[in-house]
Amino acid sequence: MKIFRSVAVASVLAIAASLAACQQSEAPADNATEAADSGNPDAKPGISGSDGRMILPVVAGRPGAVYFTIRNDGPQSATLVGVHVAGAGEVQMHKTEGGRMTSVDSLEIAPGGILEFAPGGYHVMAFDIDDTLKSGENAELTLTFSDGDKLSMPLTVETMGGGMDHAGMEGGSMDDGSMAEMHH
Numbered sequence: 267m268k269i270f271r272s273v274a275v276a277s278v279l280a281i282a283a284s285l286a287a288c289q290q291s292e293a294p295a296d297n298a299t300e301a302a303d304s305g306n307p308d309a310k311p312g313i314s315g316s317d318g319r320m321i322l323p324v325v326a327g328r329p330g331a332v333y334f335t336i337r338n339d340g341p342q343s344a345t346l347v348g349v350h351v352a353g354a355g356e357v358q359m360h361k362t363e364g365g366r367m368t369s370v371d372s373l374e375i376a377p378g379g380i381l382e383f384a385p386g387g388y389h390v391m392a393f394d395i396d397d398t399l400k401s402g403e404n405a406e407l408t409l410t411f412s413d414g415d416k417l418s419m420p421l422t423v424e425t426m427g428g429g430m431d432h433a434g435m436e437g438g439s440m441d442d443g444s445m446a447e448m449h450h
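Under the working numbering, the first residue of the sequence shown carries the number 267, and numbering increases by one thereafter.
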């Protein structure tokens, strides 16, 4: 019976991992397409955003993280001076360097440049997150530049850990007693 249980657990984990991998590989392309097709009339000419995602905190009341990419295809530098996330009470730009996180007031993006907000580097911390934001839904990110131009883009809302729900798997066992009645 132990062999059957081990095979069942391994099979379920393999299927879950396969589904998670499929879901993760499709999400960035969808975000990039949405941002490119948004046609935002307030967008700064030559500036585009893609790969927007918001990671909800595991513990309610803690801050979440926002990651995205900005590309400057315009002829002049652009200076990012503000961010806003719909559904967050407060947001702050930060940079992680040498294991320390520091606040950032503005960031310049040179012509032809790309600025990536990603884990371990630049990122946005989102505080006082509204309970209505749920994994699998979208939120809106609005970027403000020094000349007053704005760019809005969608954020895919995710839970920390890549979206796999591990509920009910405490202690590494999925046996709730129901497998004991299975005969092979």
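Source of the hints: derived by calculation from the structure; they are not laboratory data. Warning: the hint list may mix true and false statements.
Just the calculated beta-carbon pair ranges, DEER-fashion [stated by the list, open to error]:
{"hint": "1", "residue 1": "THR425", "residue 2": "MET367", "range": "18 to 28 Å"}
{"hint": "2", "residue 1": "ARG366", "residue 2": "GLY327", "range": "30 to 40 Å"}
{"hint": "3", "residue 1": "LYS416", "residue 2": "SER369", "range": "16 to 26 Å"}
{"hint": "4", "residue 1": "PRO341", "residue 2": "ASP396", "range": "31 to 41 Å"}
{"hint": "5", "residue 1": "ARG328", "residue 2": "GLU363", "range": "30 to 40 Å"}
{"hint": "6", "residue 1": "GLN342", "residue 2": "MET426", "range": "14 to 24 Å"}
{"hint": "7", "residue 1": "GLY379", "residue 2": "VAL325", "range": "34 to 44 Å"}
{"hint": "8", "residue 1": "GLY386", "residue 2": "GLY348", "range": "36 to 46 Å"}
{"hint": "9", "residue 1": "GLY312", "residue 2": "ASP397", "range": "15 to 25 Å"}
{"hint": "10", "residue 1": "ALA326", "residue 2": "PRO377", "range": "18 to 28 Å"}
{"hint": "11", "residue 1": "PRO323", "residue 2": "GLU406", "range": "13 to 23 Å"}
{"hint": "12", "residue 1": "PRO323", "residue 2": "GLY378", "range": "15 to 25 Å"}
{"hint": "13", "residue 1": "ASP413", "residue 2": "ALA326", "range": "33 to 43 Å"}
{"hint": "14", "residue 1": "GLN342", "residue 2": "ASP397", "range": "21 to 31 Å"}
Derived DSS-like pairs: lysine-lysine, alpha-carbon spacing no greater than 27 Å straight-line [stated by the list, open to error]:
{"hint": "15", "residue 1": "LYS361", "residue 2": "LYS416"}
{"hint": "16", "residue 1": "LYS400", "residue 2": "LYS361"}
{"hint": "17", "residue 1": "LYS400", "residue 2": "LYS416"}
For every residue, glycine included, the Cβ atom is placed at its ideal position computed from N, Cα and C.
Cross-check of the supplied hints:
1. THR425 to MET367: 18 to 28 Å: holds, 21 Å
2. ARG366 to GLY327: 30 to 40 Å: violated, 24 Å
3. LYS416 to SER369: 16 to 26 Å: holds, 21 Å
4. PRO341 to ASP396: 31 to 41 Å: Hint holds: Cβ distance 39 Å, inside 31 to 41 Å.
5. ARG328 to GLU363: 30 to 40 Å: violated, 22 Å
6. GLN342 to MET426: 14 to 24 Å: violated, 37 Å
7. GLY379 to VAL325: 34 to 44 Å: The hint (34 to 44 Å, Cβ to Cβ) holds, given that GLY379 and VAL325 are roughly 36 Å apart.
8. GLY386 to GLY348: 36 to 46 Å: Since the Cβ atoms of GLY386 and GLY348 sit about 23 Å apart, the hinted range of 36 to 46 Å is violated.
9. GLY312 to ASP397: 15 to 25 Å: violated, 37 Å
10. ALA326 to PRO377: 18 to 28 Å: The hint (18 to 28 Å, Cβ to Cβ) is violated, given that ALA326 and PRO377 are roughly 42 Å apart.
11. PRO323 to GLU406: 13 to 23 Å: Since the Cβ atoms of PRO323 and GLU406 sit about 19 Å apart, the hinted range of 13 to 23 Å holds.
12. PRO323 to GLY378: 15 to 25 Å: Between PRO323 and GLY378, where Cβ atoms are some 35 Å apart, the hint is violated.
13. ASP413 to ALA326: 33 to 43 Å: Holds, since ASP413 and ALA326 (Cβ atoms, about 38 Å apart) stay within the stated range.
14. GLN342 to ASP397: 21 to 31 Å: Since GLN342 and ASP397 have Cβ atoms about 41 Å apart, the given range 21 to 31 Å is violated.
15. LYS361 to LYS416: holds, 22 Å
16. LYS400 to LYS361: holds, 26 Å
17. LYS400 to LYS416: holds, 25 Å
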